[in-house]
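As they're listed, the protein sequences go chains A and B.
Using the working numbering, the letters of the first sequence map in sequence onto residues 1 to 190.
Using the working numbering, the letters of the second sequence map in sequence onto residues 1 to 190.
Honestly, the hints are just simulated from the structure, not real lab data.
Please note that a few of the clues may not be correct.
In this list, chains with the same sequence are indistinguishable; a pair is considered to hold if it fits within one copy or across any two.
What the hints assert, rightly or not - Restricting the straight-line Cα-Cα distance to at most 27 Å, the calculated cross-link-like pairs of lysine-lysine (DSSO-like) are:
1) Lys10 <-> Lys119
2) Lys180 <-> Lys15
3) Lys81 <-> Lys21
4) Lys103 <-> Lys40
5) Lys81 <-> Lys167
6) Lys21 <-> Lys5
7) Lys43 <-> Lys119
8) Lys95 <-> Lys81
9) Lys10 <-> Lys21
10) Lys95 <-> Lys21
In this text the structure is predicted, and so the values were computed from the model without any measurement.
Protein chains: 2
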Amino acid sequence: MQLLKDRINKDGKIKEGNVLKVDSFLNHQIDIELLEEIGKEFKRRFEGEEITKILTIEASGIAIACIAAKYFNVPVLFAKKSKTKNIAGEVYTSKVESFTHGKVYDIMVSKEFLLKEDKVLILDDFLANGQALLGLSKLVEDAGATVVGAGIVIEKGFQVGGELIRKQGIHLESLAIIEKMSVEDGVTYR
Amino acid sequence: MQLLKDRINKDGKIKEGNVLKVDSFLNHQIDIELLEEIGKEFKRRFEGEEITKILTIEASGIAIACIAAKYFNVPVLFAKKSKTKNIAGEVYTSKVESFTHGKVYDIMVSKEFLLKEDKVLILDDFLANGQALLGLSKLVEDAGATVVGAGIVIEKGFQVGGELIRKQGIHLESLAIIEKMSVEDGVTYR
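Extracted from the complex, chain A is given alone in its bound form:
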């Protein structure tokens, strides 16, 4: 998606350790007009698919999911990150290992909002090692529902997540796939 790549090139900040900061428009301050274009692009890429719910994970995924949901006319469900309460029986949970933060956390959704009839599109801002996406996918499977696909704004193509997800047979659409990046040379897209 050229508009997105242009924006990353213009306002993204590359830090040592393959960190790309996009907090001026995507995950701290949020450019709603850009998100509307992103939402339309997801709709275009999943055109013709039956989708009944969009699933994402707090916090920055919520913005993307809510704006995109307008174009799909479906509700959004966001998984909560939890360190504490696992109310057995009432929630689907999944463990997610964050390589960036070096810790494992639980994500959860209430069972009453994820039904076996649901056709779920998973949306998130970043795909790196794919652990969050796999965790979300597991929640859907635990509910007996169907993962229609996953839409990602920025995929770090040099990390394993994309391959992991595609190998699982999940229809993955990433709007910008970064082949490599460096402080000196900037971002190269696939």
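With chain A held as given, fit chain B onto it using these hints.
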């Protein structure tokens, strides 16, 4: 806002201890059509005000702020809850005491996204003791920016937050103000 009150009456769940669960449409599963009506209502209530930015707090505030932002044509900035990193000099921070969870946490925004020229509308889902709203308001003041007003979806009118905020001279608009509620008698609005 009658549409909202009707929805609370229909789908809200009252629990012991003055807890109102609206997670089927507002803060876990999210009804985007309802949020669009809420966004339009905020726009109507702050009509004529100059607003350059919408500020909210993760996680559930993000959904409300992003959908409302369309009608104001401004970016959203969401404060992050943080237990750890206070990067001195780069962020504005504020302490928020959560009575519900019985703990104190820090909220923060990057200084680069809150400018002294900004006219800020603060949006959030609930107002109870008002601590989150006061914390957000302090971030704006620390930046030398202006709080134009605060928009709340559900105010618990029997708790002190609304009075605290109004006493500060902040233009507060709550779309549903709960006078009292009980498991037996349901919700009474002001």
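Reference check for the pair Lys95 and Lys81, CA-CA at most 27 Å: within, between, both, or neither? Close inside one copy (10 Å) and across copies (21 Å); limit 27 Å.
For the identical chains here, do Lys43 and Lys119 meet the 27 Å Cα criterion within one copy, between copies, both, or neither? Answer is within: at 15 Å inside a copy they meet the 27 Å cutoff, but 33 Å across does not.
How would you classify Lys81 and Lys167 at a CA-CA limit of 27 Å: within, between, both, or neither? within (26 Å within a copy, 35 Å between copies)
At 27 Å max between alpha carbons, let me know whether Lys95 reaches Lys21 within a copy, between copies, both or neither. both (25 Å within a copy, 25 Å between copies)
Reference check for the pair Lys180 and Lys15, CA-CA at most 27 Å: within, between, both, or neither? within (13 Å within a copy, 51 Å between copies)
Measure nothing new, just compare the shortest in-copy and cross-copy C-alpha distances for Lys81 and Lys21 to 27 Å and report within, between, both or neither. Both. Shortest intra-copy (22 Å) and inter-copy (18 Å) distances satisfy the 27 Å Cα cut-off.
Within, between, both or neither: Lys103, Lys40 at alpha-carbon 27 Å: So Lys103 and Lys40 fail the 27 Å test inside a copy (34 Å) and across (41 Å) alike.
Up to 27 Å CA-CA - Lys5 versus Lys21, copy category: within (13 Å within a copy, 40 Å between copies)
I want to check one pair: Lys10 and Lys21. Are their C-alpha atoms no more than 27 Å apart within a copy, between two copies, both, or neither? within (12 Å within a copy, 42 Å between copies)
Within, between, both or neither, where Lys10 and Lys119 count as close if Cα-Cα is 27 Å or less: between (36 Å within a copy, 25 Å between copies)
Consistency with the previously given hints fails for number 4 only.
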